[in-house]
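Residue-level listing of the chains:
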Amino acid sequence: MTSAHERKWVRRAKDGDNEVFGEIVHCHQQAVFNVAYRLLGNVHDAEDAAQETFIRAHQFIHTFDSERPLAPWLKRIAANVSLNRLEGKKFASALDDESVFVSDPSPGPEALIVLHDRDERIRFELHRLPPRYRIVIELRHFQDLSYEEIAAELKQPLNDVKSDLFRARKLLSKRLKDLR
Amino acid sequence: MNHLTDSQLNEYLDRALDTSVQSLIEIHIAACSTCRARLAELEQLASILERLPEAEPTRDLTTSILANLPQSQPSLWNRSFAAQLGATLGMVLYIVMEIAPSIRVPSLSGFQIPIYTSRFAMPELSFFIQIPNLEALFSIHRLSFAIPQLPSLPLPLSISEISMIALLSVMLGSIGNIILLRGRPEVRK
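In order, the protein sequence lines correspond to chains A and B. If you're matching positions, the first sequence starts at 1 in my numbering and goes up one per residue. If you're matching positions, the second sequence starts at 181 in my numbering and goes up one per residue.
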């Protein structure tokens with residue numbers, strides 16, 4: 001979709017044209033789903049979060065500047081929705097115990113078997129990170145936000161964001177050493 | 181040799197440092213194999229994450245999302261409506277100009293402005309604003325009219341009368357178009 005085409009669709013969606021909003025969903029659903037999947041680690045939860053993302057986007061599309069690209073805005077909503085879902089869950093381990101931290105107390109089968117698929121292995125290790133590490137990795141590496149933008153998005157001090165990002169990278173790098 | 185901190189290496193990787201500091205770090209990395217190896221680990225991690233392909237959802241989410249959206253009426257005020265309204269108002273203005281051709285600039289000492297003169301066979305129908313002086317500029321002194329005499333059939337229509345009927349038809353058509361097509365989505369090719 002060209003940017004001019006997208007701007008026209010956004011304006012029509014703002015006017016209440018749900019048919020056009022459906023086209024927007026169709027174009028962006030995979031990207032939004034992947035934000036949620038990387039953060040939540042579960043396909044079903046990610047699809048639910050993606051749905052919630054678009055419903056929220058529809059609710060607030062009147063606040064969106066149609067001159068800007070839509071994808072980054074949708075991805076940030078998806079990250080927030082996913083983070084809210086993560087924060088609503090109960091976790092088994094404290095943040096300090098990073099070496100054995102597993103976000104899902106009852107990990108699925110993919111956590112119990114040796115993962116031969118490289119991509120699944122990367123997703124598994126991403127999902128093993130504590131949520132606060134996972135979100136900064138998502139925003140920096142997959143949404144290309146600067147430190148300041150991440151701090152504003154998460155409403156956290158800049159130094160905390162940097163600290164979380166650098167520690168997340170160190171942990172992830174150690175766990176994915178054999179893939180390098 | 182002092183090595184770079186984790187923070188310096190990470191910020192260097194993210195190009196988040198001042199240009200001068202960035203240059204100093206580059207010089208150190210070129211000279212220090214340990215820091216060079218640590219930077220390479222970070223770069224390899226960034227590459228692994230960058231090359232992670234997108235997964236696909238198990239189903240198309242569009243239908244279920246649309247089913248959960250509130251149904252709203254598209255706004256009346258869009259560009260199509262504004263264009264049609266502008267064309268209609270333009271035609272109304274043209275018609276008004278057609279039936280009020282005799283507007284004269286008043287003189288200062290008192291003036292009489294005929295604001296309407298019918299083109300049809302109704303010679304008694306006319307309105308005048310009698311303004312005797314400047315102090316009473318906005319007061320209506322006299323307003324008089326006679327009951328119009330209906331023309332007999334067949335109507336002798338001139339070119340200007342035919343054009344006015346045509347314009348009225350187009351105007352009514354535009355108004356009808358605005359009302360009937362309001363809210364309908366445009367047809368995409």
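Hints were generated in silico from the structure; no laboratory data involved. Among the hints, erroneous ones may be present.
[Claimed, not checked] A few chain A residues that face chain B, going by a derived Cβ cut-off under 7 angstroms, partial list only: (1) Tyr37; (2) Gln51; (3) Lys174.
Even glycine gets a Cβ: it sits at the ideal position worked out from N, Cα and C.
Tested hints:
no., hint, result
1, Tyr37, "6 angstroms, holds"
2, Gln51, "5 angstroms, holds"
3, Lys174, "9 angstroms, violated"
Of the numbered hints listed earlier, the single one contradicted by the structure is hint 3.
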